[in-house]
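Colleague: The primary structure of each chain is shown beneath.
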Amino acid sequence: MLRIEGLKVCFGKEPILNGVDLQVEKGESVAIIGESGAGKTTLGLSIMGLLNGNAQGTVDLDGLNILSLAEGEIRRVRGSRISMAFQSSRNQLNPSHRIIDQVAEPIIAHRKNGKNEAHTRASAMLVKLGLSSEKFSHYPHQLSGGEQQRVLLAMALAGDPELVILDEPISSLDAASRIEVTAFLQKALVGRMAILVTHDFSTAAKLASMIATLYGGRIIECGPTQEMLSHPRHPYTRALIRSYPNMTTTKDLQGIKGRMERDVSGCAFHPRCTQAVALCREEVPSLSAHNGRWVACHRGGLLTALSAHNLSKSFGKLKAVDGASLTLEHGETLALVGESGSGKTTLARMIVGILKADTGEVFVEGERVDQRGKNFHRAVQMVFQNPGEALSHRLTVLEAVREPLEIQGVGSKADRDKMAMRVIDEVELPTTKAFLDEYPHHLSGGELQRVNIARALVLNPKVLIADEPTAFLDSSVKAKIMKLLLNLQENRGLTILFITHDIAVARKVSDRIAVMREGKIVEEGSVREVMENPLNPYTRRLIEAASDLDSERMP
Amino acid sequence: MHVDIRKELTQIKGGMAGVAIIGAMAVMAISAPLLAQHDPSLQTRFAFESPSVDHWLGTNHVGQDIWSQFVYGARTSLLVGFLSAIFSTCIGALLGMSAALIGGLYDRIVMRVVDAFIVIPAIIILVVLGAYFEPGVWNLIIFISLLGWQWGARIVRAQTLSLKERPHISAARSFGASPFYLTYRHIVPDLGPILLVEFVYAVRRGIFMEAGLAFLGIADPNVISWGMMIHDALQYCYMSVWRWWLIPPGVALSLTIVAITLIGYAFEPVLDPRLRSEVDAAN
Numbered sequence: 000m001l002r003i004e005g006l007k008v009c010f011g012k013e014p015i016l017n018g019v020d021l022q023v024e025k026g027e028s029v030a031i032i033g034e035s036g037a038g039k040t041t042l043g044l045s046i047m048g049l050l051n052g053n054a055q056g057t058v059d060l061d062g063l064n065i066l067s068l069a070e071g072e073i074r075r076v077r078g079s080r081i082s083m084a085f086q087s088s089r090n091q092l093n094p095s096h097r098i099i100d101q102v103a104e105p106i107i108a109h110r111k112n113g114k115n116e117a118h119t120r121a122s123a124m125l126v127k128l129g130l131s132s133e134k135f136s137h138y139p140h141q142l143s144g145g146e147q148q149r150v151l152l153a154m155a156l157a158g159d160p161e162l163v164i165l166d167e168p169i170s171s172l173d174a175a176s177r178i179e180v181t182a183f184l185q186k187a188l189v190g191r192m193a194i195l196v197t198h199d200f201s202t203a204a205k206l207a208s209m210i211a212t213l214y215g216g217r218i219i220e221c222g223p224t225q226e227m228l229s230h231p232r233h234p235y236t237r238a239l240i241r242s243y244p245n246m247t248t249t250k251d252l253q254g255i256k257g258r259m260e261r262d263v264s265g266c267a268f269h270p271r272c273t274q275a276v277a278l279c280r281e282e283v284p285s286l287s288a289h290n291g292r293w294v295a296c297h298r299g300g301l302l303t304a305l306s307a308h309n310l311s312k313s314f315g316k317l318k319a320v321d322g323a324s325l326t327l328e329h330g331e332t333l334a335l336v337g338e339s340g341s342g343k344t345t346l347a348r349m350i351v352g353i354l355k356a357d358t359g360e361v362f363v364e365g366e367r368v369d370q371r372g373k374n375f376h377r378a379v380q381m382v383f384q385n386p387g388e389a390l391s392h393r394l395t396v397l398e399a400v401r402e403p404l405e406i407q408g409v410g411s412k413a414d415r416d417k418m419a420m421r422v423i424d425e426v427e428l429p430t431t432k433a434f435l436d437e438y439p440h441h442l443s444g445g446e447l448q449r450v451n452i453a454r455a456l457v458l459n460p461k462v463l464i465a466d467e468p469t470a471f472l473d474s475s476v477k478a479k480i481m482k483l484l485l486n487l488q489e490n491r492g493l494t495i496l497f498i499t500h501d502i503a504v505a506r507k508v509s510d511r512i513a514v515m516r517e518g519k520i521v522e523e524g525s526v527r528e529v530m531e532n533p534l535n536p537y538t539r540r541l542i543e544a545a546s547d548l549d550s551e552r553m554p
Numbered sequence: 000m001h002v003d004i005r006k007e008l009t010q011i012k013g014g015m016a017g018v019a020i021i022g023a024m025a026v027m028a029i030s031a032p033l034l035a036q037h038d039p040s041l042q043t044r045f046a047f048e049s050p051s052v053d054h055w056l057g058t059n060h061v062g063q064d065i066w067s068q069f070v071y072g073a074r075t076s077l078l079v080g081f082l083s084a085i086f087s088t089c090i091g092a093l094l095g096m097s098a099a100l101i102g103g104l105y106d107r108i109v110m111r112v113v114d115a116f117i118v119i120p121a122i123i124i125l126v127v128l129g130a131y132f133e134p135g136v137w138n139l140i141i142f143i144s145l146l147g148w149q150w151g152a153r154i155v156r157a158q159t160l161s162l163k164e165r166p167h168i169s170a171a172r173s174f175g176a177s178p179f180y181l182t183y184r185h186i187v188p189d190l191g192p193i194l195l196v197e198f199v200y201a202v203r204r205g206i207f208m209e210a211g212l213a214f215l216g217i218a219d220p221n222v223i224s225w226g227m228m229i230h231d232a233l234q235y236c237y238m239s240v241w242r243w244w245l246i247p248p249g250v251a252l253s254l255t256i257v258a259i260t261l262i263g264y265a266f267e268p269v270l271d272p273r274l275r276s277e278v279d280a281a282n
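From first to last, the protein sequence lines stand for chains S and L. Those letters in the first sequence? Residues 0 to 554, per numbering that gives the first Met the number 0, in order. Those letters in the second sequence? Residues 0 to 282, per numbering that gives the first Met the number 0, in order.
By construction, these hints were calculated from the structure, which means they are not laboratory data. Positions of the beta carbon are idealized from the N, C-alpha and C atoms, including for glycine. Possibly wrong hints are sitting among the right ones.
[What the hints assert, rightly or not] Going by beta-carbon spacing under 10 Å, a handful of chain L positions derived as facing chain S:
| hint | residue |
| --- | --- |
| 1 | P166 |
| 2 | I168 |
| 3 | S169 |
| 4 | A171 |
| 5 | R172 |
| 6 | S173 |
| 7 | F174 |
| 8 | G175 |
| 9 | S177 |
| 10 | R184 |
| 11 | H185 |
| 12 | D189 |
[As the list claims (entries may be wrong)] Listed below are the simulated DSS-like cross-link pairs for lysine-lysine, each with C-alpha atoms no more than 30 Å apart in a straight line:
| hint | chain 1 | residue 1 | chain 2 | residue 2 |
| --- | --- | --- | --- | --- |
| 13 | S | K519 | L | K163 |
| 14 | S | K256 | S | K417 |
| 15 | L | K163 | S | K477 |
| 16 | L | K163 | S | K316 |
| 17 | S | K479 | S | K417 |
| 18 | S | K186 | S | K127 |
| 19 | S | K412 | L | K163 |
| 20 | S | K477 | S | K507 |
| 21 | S | K186 | S | K114 |
| 22 | S | K477 | S | K417 |
| 23 | S | K205 | S | K25 |
| 24 | S | K432 | S | K477 |
| 25 | L | K6 | S | K432 |
| 26 | S | K482 | S | K432 |
| 27 | S | K355 | L | K163 |
| 28 | S | K186 | S | K134 |
| 29 | S | K507 | S | K519 |
| 30 | S | K479 | S | K256 |
| 31 | S | K256 | S | K7 |
| 32 | L | K163 | S | K318 |
| 33 | S | K186 | S | K205 |
| 34 | S | K373 | L | K163 |
Use the sequences and the hints to build the structure in full.
Modeller: Printed below as a string of structure tokens:
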């Protein structure tokens, strides 16, 4: 068993790792995920004992503290009990030796076998990794990057180590070779401890049983692979998954706001976090269990921004909404999909409070909303369907965007103007005097919708309910508005309830989909689950009827 | 729908003509003391005189100067017309708006009262009222206002009902706006164009009613008005005096009513955008 406790690494004065705790059981492989510069490779190197006293803490391999070993003792461990496959981009191979000799070297060095036998084992290993035998006597420069990487993997595994550290094991391979090498590694890692250092979630999903997210020199989230990937709990892990192109999620890629900074007080992620509070600035959160997941976050991971329970509304005999419940996590987009008349808008209006619900409750960040006062309106805002109608024809752009601030009595007039201008700029509209003084009937549909979005954002809401925000726009403008909403989500951590009848749009912009029919939520799940395996026949019909570019397929 | 009053008025040529006529009448009414040669109610022994330098339109049966009466008569017509219009429009707007916003039983009661007032022939009530009270100018204004608000109330209610469901009102509610804020900041200004049109027609109704009552001889005979002049002149229409006694107030009254109708006509597209010319719609 490998046990890492309080591992700290400094290069000069700069801290790279700030206290990493990690355990790897026999037969388990842990993927360390993080952005470049997060300290992933440093972690690997310190386990190898390659950091020459820059590392402090404990790295304990079955009772052997690697950090306290003398160089001679470490050498006996390295290559036989622990080995590391480096990223091939770093010219890790010796240019003056044939590759077969390099792969056989650890076996010979640790005198596990004689030279001939070592060569036999080395070639077997290389063959398994898909390298043809005529290349065994080549020198590294004669090999391609992908081939070099295979050689490095062969070297790491040739010594039959207990613990193998793989640093981006397949990053320089082409797609087809990835499958081959991944399949090999899956077999090769059985019965060993493995630490997989990667920024590639796909590799982690296939090779690791656990994932640990590294940020700012600490592990900030750790849990079983599939759970981590489908339900990340730390905002950073989710943001990383969102920015990773893959075939599983269909939502447009989103980045993470800001950049990684070192020497941040408190939680290292707080400058980029959209749900940070004062405590996050002051204190480092410890890794603790929240609902079966290890998360280092003062707020217990992602918050539930908004939830609605059992909302109902009847108009006379018509049950417009019949016991609908929704939950929105901080910073996610939930698409509410359904045909016209299914009660989507009524549900949204009840949440915002324009309509009074017959039954049901609404919670904002876990607190029940009894009366919709200032706090509620500042937390939840709505963008209406028809951008032209939703703005009063008598108010100029600036006046319209300022209106919520006036109603809520925020700041002085100058403050309000400044705040309004800032959101107008944020929705990518000009802040020239001429534009601010325009009346709605002089604006295009796209501009109108941006003004509407700016107006909804001016109170800094946490949740934005967007009711068919693109229904009245042509497709190019539609795309721009959707992009804008995604960017706002990235930068502000906005939670979006996106109401649409178009499942094709929902698929591109949301994390989850809820399907509504005749006032009831008939299906809810991640976009992928709903799209690939719709359980309700109605959902299936909606998917079949959605737009495609296929001339054969008929709804 | 953004209403530019000047644009609406110039859109239809008559609109500007109407404003010019009413303007001229108003100037005449305001500067009556300067224009009049004599005290309009001063009775002299020179009755039925033909127009002369001293009496531009001659004198009437009790020797009063007709020109002076004509000039002062404009005051009565316009005062009654505009004031009763202001009052009846306000009453109509308040009742209509409150009925739409409060709804329920109150709405039903108000609307039944409106129905009743629409059925009642106003002029007959006025005749009855006129017979009981000696209706001076102020009483007249009050009666006309109280009998003329119902159409306005009905239109305002209908419009408010539609306004309060408009998305921009919903939007303001979603920012936490109070009913008071919604009313004075959104609903009243949005009703503006409709109130304007309603006001114009109420002015016309007021002037018409005042003249009608005077013509029927129900108004206070001491109040100088065009209607009263017509009423008096008609009794002597076998003489040639009608040419300068009957025609000037008749023409002035007709012109004023036509002018107001023209203004109202110019504003009509505000109520019904289908009446807008295509060029305008394209803008």
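Colleague: Which hint numbers doesn't this structure obey?
Modeller: Per hint list: zero violations.
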